[in-house]
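S.K.: Here's the letter readout for the chains.
There are 2 protein chains.
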Amino acid sequence: MHSFLTRKGQGSVATAEPKLSEIYLGYIACLNRQDWSSLRHFVTDNVQYNDKPLRLGGYLNMLKAYCEEIPDVYFEVRTLITSPPLVASRLVFNCAPANRLLGLPVRGKRISFSENAFYLFNGEKIEQIWSVMDKMAIEAQL
Amino acid sequence: MHSFLTRKGQGSVATAEPKLSEIYLGYIACLNRQDWSSLRHFVTDNVQYNDKPLRLGGYLNMLKAYCEEIPDVYFEVRTLITSPPLVASRLVFNCAPANRLLGLPVRGKRISFSENAFYLFNGEKIEQIWSVMDKMAIEAQL
Chain A
253 MHSFLTRKGQ GSVATAEPKL SEIYLGYIAC LNRQDWSSLR HFVTDNVQYN
303 DKPLRLGGYL NMLKAYCEEI PDVYFEVRTL ITSPPLVASR LVFNCAPANR
353 LLGLPVRGKR ISFSENAFYL FNGEKIEQIW SVMDKMAIEA QL
Chain B
253 MHSFLTRKGQ GSVATAEPKL SEIYLGYIAC LNRQDWSSLR HFVTDNVQYN
303 DKPLRLGGYL NMLKAYCEEI PDVYFEVRTL ITSPPLVASR LVFNCAPANR
353 LLGLPVRGKR ISFSENAFYL FNGEKIEQIW SVMDKMAIEA QL
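Those protein sequences? They're chains A and B, same order as listed. Last residue of the first sequence: 394 (the working numbering), numbering continuous. Last residue of the second sequence: 394 (the working numbering), numbering continuous.
To be clear, the hints were calculated from the coordinates, so they are not data collected in a lab. Don't take every hint at face value.
The list makes no distinction among identical chains, and a pair is therefore deemed to hold if it is satisfied within one copy or across any two copies.
Result set (EDC-like, lysine to aspartate or glutamate): computed pairs, CA atoms no more than 20 angstroms apart in a straight line [said to hold, decoys possible]:
no., residue 1, residue 2
1, 304, 391
2, 271, 303
3, 271, 324
4, 361, 376
5, 387, 367
6, 377, 391
7, 304, 367
8, 361, 379
Only a predicted model underlies this, so the values are computations on that prediction, with no experimental measurement involved.
The whole structure should be built from the sequences, with the hints applied where relevant.
M.R.: In structure tokens, the structure reads:
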């Protein structure tokens, strides 16, 4: 039913268990440095985003586009829960997107919104992401 | 910084630790029964939703309105992570909202979307909820 149960049965998780929160925070630090060449250390080639098989290249392009839309982007982890091979993270953004964001005409206004995301790790790398951005919170601020 | 750290220091968590997932699934079962008179067993009087102090009455009204908008509503827990006093849950809805949902004209169309939510428990009851509904997923299906 849940793929993470299958994975657990396959025993691919144990090595990651002691430090999944550290690995995740390393991933977030990588995003905040916009250190795109290091992304492959944190994300598998076969990464899926909201059940779409983006693969590493597609996910990288998505992240780059997001960071271009938000010149002062900063990924702030507000709440983090790990239960290998799963991680849940509540990210908060306080930023001023230059033009449009999530289809909304933000045009430089300073806004605050959250992203609630779940990650499934394969060993020490992220293989699946299920993320929801709070578009309604942004709409309420425009 | 994080209120849950303070709470942990206050020692209000220990009793809930062995069974937070059970309590949470009981809460979801309560919602699926629309057993509104039992909601107070799962939610504190002072509950906040996305940092708004709704209190129990306000949260109850919000839930009732949601269930009225979606005649065939069913809360399905797809992923659940507990780390007392925190719970993270990815809920999935497959439903046909009668008219509008989250401001969108769904009008009976069958849609699927997720809600990624974090809960902070005070003892055995939910005191804070930080939830994001995937409005963009609904928009993409209309």
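S.K.: With reference to the structure, classify each hint as holding or not holding.
M.R.: Hints, verified against the model:
no.: 1; hint: 304 to 391; verdict: between (25 angstroms within a copy, 17 angstroms between copies)
no.: 2; hint: 271 to 303; verdict: neither (26 angstroms within a copy, 30 angstroms between copies)
no.: 3; hint: 271 to 324; verdict: neither (29 angstroms within a copy, 42 angstroms between copies)
no.: 4; hint: 361 to 376; verdict: neither (37 angstroms within a copy, 40 angstroms between copies)
no.: 5; hint: 387 to 367; verdict: both (9 angstroms within a copy, 13 angstroms between copies)
no.: 6; hint: 377 to 391; verdict: neither (33 angstroms within a copy, 31 angstroms between copies)
no.: 7; hint: 304 to 367; verdict: both (18 angstroms within a copy, 17 angstroms between copies)
no.: 8; hint: 361 to 379; verdict: neither (34 angstroms within a copy, 32 angstroms between copies)
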